[in-house]
Amino acid sequence: MIGNFVTTRFNYILGWARKYSLFHYPFITACCGMEYMSTAASHFDWDRFGTGWTRFSPRQSDMLVVCGTISHKLAPVLRTVYDQMTEPKWVMAFGTCAVSGGIYDNYAVVQGSDRIIPVDVYIPGCPPRPETVLDGLIKLQEKIQKQEQEWRWKKRK
Amino acid sequence: MEKKKVIEELKQKFSEKIKGVPVQLGDEILLIERDSLLDIVQFLKDKPYSYSMLLDLTCVDYKGQEPRFEMVYHLYSIPNVQRLRIKVSLSEKDLRIDSLASLWKNANWLEREVFDMFGVDFKGHPDLKRIFMYDGFEGYPLRKDYPLRKRQPRIQLRK
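Read top to bottom, the protein sequences are chains U and P. For reference, each letter of the first sequence is one residue, going 1 to 157 in the working numbering. For reference, each letter of the second sequence is one residue, going 1 to 159 in the working numbering.
Worth flagging that the hints you see were computed from the coordinates, not collected in a lab. Since we're looking at a predicted model, the values are computed, not measured. We put the beta carbon where it would ideally sit given N, CA and C, even for glycine. One or more of the hints may lead you astray.
What the simulated footprint calls covered on chain P by chain U, stretch by stretch (three residues with Cβ under 8 Å from a Cβ of chain U suffice, anywhere in the stretch; the number is not a length) [unchecked claim]:
(1) 89–95
(2) 133–141
DSS-like cross-link-like pairs, simulated, lysine-lysine; straight-line CA separation at most 27 Å [what the hints assert, rightly or not]:
(3) 159/P with 73/U
(4) 73/U with 150/P
(5) 73/U with 4/P
(6) 73/U with 129/P
(7) 143/U with 159/P
(8) 139/U with 159/P
Full structure from sequences and hints, please.
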């Protein structure tokens with residue numbers, strides 16, 4: 001009885017800690033980067049939600065912000081960056097191109113970054129307003145809070 | 001120097017090599033034979049015409065017509081403040097043209113782009129290899145007969 005209580009509370013605290021310390025890696029390839037910058041910088045300041053640390057190394061980051069068009073030429077790079085991130089990790093598809101390929105339905109562009117890596121939250125918009133991004137971030141944090149907090153990582157497909 | 005005068009002098013010097021000078025939206029277009037491209041462009045680049053700047057170089061696919069392809073060159077003359085458009089028709093069976101990389105450095109990459117996207121072979125190019133697409137990509141994506149939804153991924157895609 002008390003054991004169960006401790007486990008659930010621990011799970012909750014771990015989720016709380018994880019959702020408010022999202023070190024993120026910006027994978028910026030296109031104009032959505034401008035909107036990423038304004039969201040991250042002082043006007044909209046997503047550090048208020050605990051996403052302040054920008055890590056330019058995938059090995060130190062928890063959230064991958066796929067921000068912009070992903071071409072087929074770039075796809076292996078994105079996969080490598082994702083594979084280099086340590087668990088636990090989450091992926092944010094930022095903007096229409098990262099969500100579905102957007103207007104670029106042609107030979108060069110991957111139709112959505114979820115064709116390469118698993119995506120946790122999709123933020124539509126071309127580019128999305130910073131308010132939309134913050135809304136998506138809050139939704140991701142709710143998801144992290146509710147998730148089962150795993151210790152030993154299963155191999156993701 | 002007036003552009004009309006430039007074209008008159010060109011017509012005198014390369015009379016049989018110029019197929020026509022149609023006017024489109026107020027701009028003269030120089031239609032020339034393929035084998036005289038280097039001579040005409042060199043002539044225009046020298047003084048007093050001084051078309052010393054290659055603004056752009058590209059290709060158009062007119063599928064279903066013969067000749068199918070058309071190379072388009074845009075030149076700019078800084079002292080005369082003039083632009084000039086030159087077009088060369090290329091048939092699909094013999095898709096080759098002289099390279100301008102010896103005259104302009106930027107023609108090097110522009111021609112590599114046309115080579116990558118249309119498959120035009122540039123004679124005399126110092127390093128004709130693809131510039132945009134990745135190794136193993138088959139076909140020429142900007143040709144009209146390239147399938148619209150054809151994808152050639154480099155890695156296994158999910159789903």
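Evaluated hints:
no.: 1; hint: 89–95; result: violated (count 0)
no.: 2; hint: 133–141; result: holds (count 3)
no.: 3; hint: 159/P with 73/U; result: 19 Å, holds
no.: 4; hint: 73/U with 150/P; result: 15 Å, holds
no.: 5; hint: 73/U with 4/P; result: 46 Å, violated
no.: 6; hint: 73/U with 129/P; result: 16 Å, holds
no.: 7; hint: 143/U with 159/P; result: 23 Å, holds
no.: 8; hint: 139/U with 159/P; result: 24 Å, holds
In the structure shown, a violation is registered for the earlier hints numbered 1, 5, in ascending order.
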